[in-house]
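Number of protein chains: 2
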Amino acid sequence: MKLEITPQGVIAGSIPLFAGHPARDLLPIDSIRETVERVWLEPGVTRLFNYGAEQGNPELIDFLVERLRRAEKLPVARENLMIIGGSTWGVDMISDQLTRAGDVVLTDAPSYRDALHIFRDHRLELRDVPIDGAGVVVSEMERMLRELKAQGRVPKFYYVVPNFQNPSGITMPENRRRAIIELSQRYGFLIVEDDVYSDIRFEGELPPSFYALAGGENVLRIGSFSKTLAPGLRIGWLIGAAERIADFVGGGVLTMGGGANPFTAAIVAQYCRSGEWEAHVRWLRGQYRDRRDMALEALASAMPASVAYTRPAGGYFIWLQLPRSVRVDDLAERSREQNVYFAPGTGFFVEPDAGLHHLRLSYSFLPPEDLHAGIAVLGNLIRQMSR
Amino acid sequence: MKLEITPQGVIAGSIPLFAGHPARDLLPIDSIRETVERVWLEPGVTRLFNYGAEQGNPELIDFLVERLRRAEKLPVARENLMIIGGSTWGVDMISDQLTRAGDVVLTDAPSYRDALHIFRDHRLELRDVPIDGAGVVVSEMERMLRELKAQGRVPKFYYVVPNFQNPSGITMPENRRRAIIELSQRYGFLIVEDDVYSDIRFEGELPPSFYALAGGENVLRIGSFSKTLAPGLRIGWLIGAAERIADFVGGGVLTMGGGANPFTAAIVAQYCRSGEWEAHVRWLRGQYRDRRDMALEALASAMPASVAYTRPAGGYFIWLQLPRSVRVDDLAERSREQNVYFAPGTGFFVEPDAGLHHLRLSYSFLPPEDLHAGIAVLGNLIRQMSR
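In order, the protein sequences belong to chains A and B. Numbering of the first sequence is given in the working numbering, commencing with residue 1 and proceeding in unit increments. Numbering of the second sequence is given in the working numbering, commencing with residue 1 and proceeding in unit increments.
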């Protein structure tokens, strides 16, 4: 079942703990409005309403290249980056251009549900590798690669959300990243790094990206403004080797329709170049950290000791492990009666049953009182059900 | 070679007769700016910056459904229509969801080059059927279907631009549409009707759409605001049977990213509901009719009698047939030396050589003086080359 999140809020009185959306009150609507005013004053504003360059808004490309060079010391150039219509566009375009039906794709168990959905739409054969508290277990990945190789098969790519993973909130440390890059070179597959949460970092440092560690070879890295500005603008970016980016830019979709939305890309470019985006990101970190803290406090007081959960250092999500006596589908049914909705673990695995005792909570979208109330309802139900 | 159409115009001094873009001075920039002002005043404007409903902006859906019922007496309901990110999105999504590599797709010879590009990206096997002055030749299509059937194959769909075709400008009459629907039922394939030019009608009436003639069964019809408002907003629509639309709306791409750009869709919705769009379309028809007339006058005075060309009753394009002694690649090379660029016929056929004596001119984008000058250059070259 899919709840509609209406303009007035979610269905009257319900608590959607599943919603991985930015909080409404954290969207900088007034700043976007002022930004649009400035866009109208740009020379050549007319071009924003015609077909745009296939690679995307040039000013936004320049801004992002400069930021990657400055903040990550990443030796990228214009030809390594293109603007896309949100991370979704990236995942879809990569699947379109680099795979055909029946190809194998590796993911984590659990992995991001909606990306699995896109891969299934492309009729890809998904294999997921278990994670622990530090992300995917490398020895398990190697075992799977050997197994595939014995069948004469090689995955097309490994899809991973490396930082503050959706759904687990876990960040993969550098040594695992290096080990996976080594496997990708040995077995010959690409790494698709869906890195949309890295700017929502509450504490600590992030390891270098797969892209950085691999020297830009055979890694495609996706970024997005959806989590740090506004999903409704539908703007993100893709980084890769120059020849791969050129292939995407020269594909039929971009040749026919031009680049990612020229008007909203220009709004984002203007917002970034004024310095507002980076200031907003710094502010957002504190806001989402407070929400993460509230969610963890609520969990600490509401959950029985038999429930384990992650403590993410960034991002939007917490991943819960239920006692073996509690099935997540039963819990979902009973929480629905109290108007509390969450994302059952079953959606995040290639084999749904592997998620029968897991669930994902999102602390990004809900007002604090709903977050508390929803978690309290779940805690009570789990206590009752695990008796 | 691909020319960049820069904010300052096309590469200094050149004449891009290939550009199938709306003319810059016909984009209603000031009205769009005023429309955006009204969008900020909408209740619940915040929702436009979060993830949007998968089916697309509800007000725009309602507007389009009402317009189709009113203007075409088409018995469509909300569940028959979804908002898409331009016609490109429609062609790509249909290819993604309804085909797999190796499937056969029928098109016209010639057909829209960039759609062929998208089909090739999906590794579809393209078969094109010759057209005459009234569109695709039905007996040839039937011959091809029989030939395919003998190999145990059925096309997945027939892709057609039925009104003011890109590249020929030709409109297919009702009797052919009915005959093709009959074939689609007999052989079991879908019809994908890319109908982005029907509102740019200069004279006469258009036949009912394939969608209307087939009673909405097994036809997907694509519409767009790119030709009648502004390509840079990236908004169009798709009409089909309710269960097909539900399949698209429930796909991974829309589940992950939400519906087509919520902000620009709201701008389009506001512009449509105020009545401005239909008024703008009426005005545009006169503007593009004048340009079509100028192009035909220029052709009449510049071209030798050995050159045949179409006289479109709408749309953006004229299709030229060169004398057999003139190859289009030679002409392109020589016209390039004079900074005149056009779209060679070779790009519009499955077998490029079939277009060796054809070319497409666009009269939509260029100022009248460039249109005249460019056509004069081509006429002179053709005269010289066919001596």
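Hints were generated in silico from the structure; no laboratory data involved. Only a predicted model underlies this, so the values are computations on that prediction, with no experimental measurement involved. Among the hints, erroneous ones may be present.
Per the computed footprint, the stretches of chain B lying under chain A, defined by three or more beta-carbons under 8 Å from a beta-carbon of chain A, are [what the hints assert, rightly or not]: (1) 59-73; (2) 88-97.
In silico contact screen, one side only, chain A against chain B (beta carbon under 7 Å); selected entries [unchecked claim]: (3) G86; (4) T255; (5) G257.
Glycine residues also receive a C-beta, built at the ideal position from the N, C-alpha and C atoms.
Tested hints:
{"no.": "1", "hint": "59-73", "in the structure": "violated (count 0)"}
{"no.": "2", "hint": "88-97", "in the structure": "holds (count 6)"}
{"no.": "3", "hint": "G86", "in the structure": "5 Å, holds"}
{"no.": "4", "hint": "T255", "in the structure": "5 Å, holds"}
{"no.": "5", "hint": "G257", "in the structure": "3 Å, holds"}
When each numbered hint is compared with the structure, a violation occurs for hint 1 only.
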